[in-house]
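Colleague: Once you have looked at the hints, place chains B and C on chain A.
Each chain, written out:
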Amino acid sequence: MDFTSLTFSNVSRHFGRRRALSSVSFAVHAGQVVALLGANGSGKSTLLSIAATLLEASSGEVRYGEVTARGGGASLRRAIGVLGHDLYVYPELSAAQNLRFFGHLYGLDKVEHRVAAALAAAALADRADDPVSTYSRGMRQRLALERALLHEPRLLLLDEPFTGLDDPSSLALRGRLAHLRERGGIVLLTTHELEAIEALVDAAYVLVRGRVQPLINGVGSLRERYRRQVEA
Amino acid sequence: MRRLFPVLLVLCMALFAYAPFLILNAPYESTMGLVQKIFYFHVSTAITMFVSAFTCGIASAIFLFGRRPAADRVGFAAAELTVLLGLVVLISGPLWARKAWGLWWQWDARLTSTLVMWLVFQAYLLLRRFGGPGSEKLAAAVGLFGAALVPFVYWSVNMWRTVHPTTNVVPTLDASMRGPFLWCVAAFLCLYVLLLAARTELEKRRARLDELYLALED
Amino acid sequence: MTFLSTATLVARKDLLVEARSREVIYTSLLFAISCMLVFAFGLVKEGRVIADAAGAILWITIAFAGTLALSRIFDRERQNETLRALLLAPTPRAAIYVGKFAGVLGLLLLVEGIVVPLVVLMFDAQLFRHTGWMLGLLLAGSAGYAAVGTLFAAMLARSRSRGALLPVLLYPITVPVIIGGVRGTAALLQPEADLVLARAWLMMLIAFDAVFITLSLWTFEPAMTE
Numbered sequence: 001m002d003f004t005s006l007t008f009s010n011v012s013r014h015f016g017r018r019r020a021l022s023s024v025s026f027a028v029h030a031g032q033v034v035a036l037l038g039a040n041g042s043g044k045s046t047l048l049s050i051a052a053t054l055l056e057a058s059s060g061e062v063r064y065g066e067v068t069a070r071g072g073g074a075s076l077r078r079a080i081g082v083l084g085h086d087l088y089v090y091p092e093l094s095a096a097q098n099l100r101f102f103g104h105l106y107g108l109d110k111v112e113h114r115v116a117a118a119l120a121a122a123a124l125a126d127r128a129d130d131p132v133s134t135y136s137r138g139m140r141q142r143l144a145l146e147r148a149l150l151h152e153p154r155l156l157l158l159d160e161p162f163t164g165l166d167d168p169s170s171l172a173l174r175g176r177l178a179h180l181r182e183r184g185g186i187v188l189l190t191t192h193e194l195e196a197i198e199a200l201v202d203a204a205y206v207l208v209r210g211r212v213q214p215l216i217n218g219v220g221s222l223r224e225r226y227r228r229q230v231e232a
Numbered sequence: 001m002r003r004l005f006p007v008l009l010v011l012c013m014a015l016f017a018y019a020p021f022l023i024l025n026a027p028y029e030s031t032m033g034l035v036q037k038i039f040y041f042h043v044s045t046a047i048t049m050f051v052s053a054f055t056c057g058i059a060s061a062i063f064l065f066g067r068r069p070a071a072d073r074v075g076f077a078a079a080e081l082t083v084l085l086g087l088v089v090l091i092s093g094p095l096w097a098r099k100a101w102g103l104w105w106q107w108d109a110r111l112t113s114t115l116v117m118w119l120v121f122q123a124y125l126l127l128r129r130f131g132g133p134g135s136e137k138l139a140a141a142v143g144l145f146g147a148a149l150v151p152f153v154y155w156s157v158n159m160w161r162t163v164h165p166t167t168n169v170v171p172t173l174d175a176s177m178r179g180p181f182l183w184c185v186a187a188f189l190c191l192y193v194l195l196l197a198a199r200t201e202l203e204k205r206r207a208r209l210d211e212l213y214l215a216l217e218d
Numbered sequence: 001m002t003f004l005s006t007a008t009l010v011a012r013k014d015l016l017v018e019a020r021s022r023e024v025i026y027t028s029l030l031f032a033i034s035c036m037l038v039f040a041f042g043l044v045k046e047g048r049v050i051a052d053a054a055g056a057i058l059w060i061t062i063a064f065a066g067t068l069a070l071s072r073i074f075d076r077e078r079q080n081e082t083l084r085a086l087l088l089a090p091t092p093r094a095a096i097y098v099g100k101f102a103g104v105l106g107l108l109l110l111v112e113g114i115v116v117p118l119v120v121l122m123f124d125a126q127l128f129r130h131t132g133w134m135l136g137l138l139l140a141g142s143a144g145y146a147a148v149g150t151l152f153a154a155m156l157a158r159s160r161s162r163g164a165l166l167p168v169l170l171y172p173i174t175v176p177v178i179i180g181g182v183r184g185t186a187a188l189l190q191p192e193a194d195l196v197l198a199r200a201w202l203m204m205l206i207a208f209d210a211v212f213i214t215l216s217l218w219t220f221e222p223a224m225t226e
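As you go down the protein sequences, you meet chains A, B and C in turn.
Residue 73 in this note's numbering sits at position 73 of the first sequence, with consecutive numbering throughout.
Residue 6 in this note's numbering sits at position 6 of the second sequence, with consecutive numbering throughout.
Residue 30 in this note's numbering sits at position 30 of the third sequence, with consecutive numbering throughout.
Check each hint, because a few of them may be wrong.
From the structure, some residues in chain B lie toward chain A, with a derived Cβ separation under 10 Å [stated by the list, open to error]: (1) P20; (2) D210; (3) Y213; (4) E217.
The set of hints was computed from the structure by calculation and includes no laboratory data.
Remember, it's a predicted structure, so these values are computed and weren't measured experimentally.
Note that the Cβ used here is the ideal one computed from N, Cα and C, for glycine as well.
Okay, chain A solo, but in the shape it has when bound (with noise of 0.2 Å):
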């Protein structure tokens, strides 16, 4: 299953009598890398959660292409990866068995060229069979990043993927978004390092309790507009 949009239309979700999202529209498309501002508990991490779609929407819709969550279901999975705040890797097991389990979880060809690749591009070849208890944040999250591309997903959603990055390890992390969406990947990111996906974005929105609005445009840095807009 294939698609070269995700559009959200009017999607609310609440929790009892708590709106986390309201009435949020917007879209994008193939090739482009968008990014979700906002404080924290302003429904950054709910929107991506029905993104992904563990969670549900109250009411509004989430198309991918053409298919919803619920007529896409296994398919329809295959084709998103998702970088949690959580990381999703278990920490008794090495970066390699976590990586072999996904795979093969995900029912993908040449497991273990992917694994080694991966393994290579997280920089942890020569860690590769210690417990991930035993690595740093740093690491751990450049592991977390592998997981969530190994199956090459169409939509790749990252929730704070900057967190506990070193320098390197950041610029790195951009060169790989940059690398996707040359080749038609839909990036969708929540942030609080502006600075560090300035040149990477083509569109940012901002959440503010659960409304969604476009960064306006205007002269001025990512976190110049994001202040001005936030502050008015």
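Modeller: Structure of chains B and C alone, referenced to chain A:
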């Protein structure tokens, strides 16, 4: 249901108003004496409780597989009523047992089954109260499992132990006792339908209120 | 990726994680032994276990240790939200359930592998006079317990106060397993083993397994989508 409600209410009131006279005039059971009269209400509530458990199970299944919020409200109402009716059964039972067996509680088949089912539906309510957001689906699974559990609990507890008057009491019941008994069953089922409808309606309004709160926030 | 190979993969992963840390097996074993010790104070009279108590000690110990193992196994999946990673995989979600179920059952049987001989030794219970029947009861009972336990532990993983709610949910629903296990074992422990009765209990346990594994397979997918 709205139009049917007052009709049922009047019917229910009539049924319950006349029930004591029927019970009073029913033959006096020689060995058990007056305490036997508890049987009319005790067994009726027990039957209604199991009806309620199955209602909750079916509503939960419709909610889980059909994703209908309305079914969830019926399931919630039915679970609450199961617990309530179970409490009545568990209190009226020992009142009779004290006289019949000389003990307040016997680990007898039907009492134990009722206690198990009561605990399952208590767990349903506990989950909804303390499970946090999203717990209604979890609770629905408990409701569905609870209904599926009835025959297993019944059979296994029965195999384990039986002191209680067996099910064949009802068909072999003296004709003059059967009339008042069926009358009471009808009264309790009628009351059940009324309570279920009222509770579901309340839950519906609560959902509507939640929606209004959310709209106000926007 | 077929249904069965996904399930095997998930179960193997759980056992591999456990082989690395051995946390669940050690804690549930020690807990099981503590349970037996506590029971001994209530159920042993003048140095000998009172009649029929051995079966009860065995099954209640299994149920208690099982709860501990279940909550630990799913806490582990929550630690780095790996449960969400499993749900994101492009496989039928029921296959994930079967994998977790097999993993839980495997660990439970491993614990039983030590607890059962201990009950034989410490409470002088002749559990292995009819080995086939006893193993049948253990397997069918553990499968039913693990089936219901896996479903509820997985669903509770994202819920508040799950530590308290799991036993409250699990024990009433697995009452038939406990009765079946305890009475079936008691039937085997009689001086003249009552095989007809043991057979009836075993059949009930197998029926319980069939019904509740089917229901869990149906329920897992809709209940895990928030």
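Colleague: Next, verify each hint and record whether it holds.
Modeller: These are the hints, each one checked on the structure:
no., hint, in the structure
1, P20, "violated, 44 Å"
2, D210, "holds, 5 Å"
3, Y213, "holds, 5 Å"
4, E217, "holds, 5 Å"
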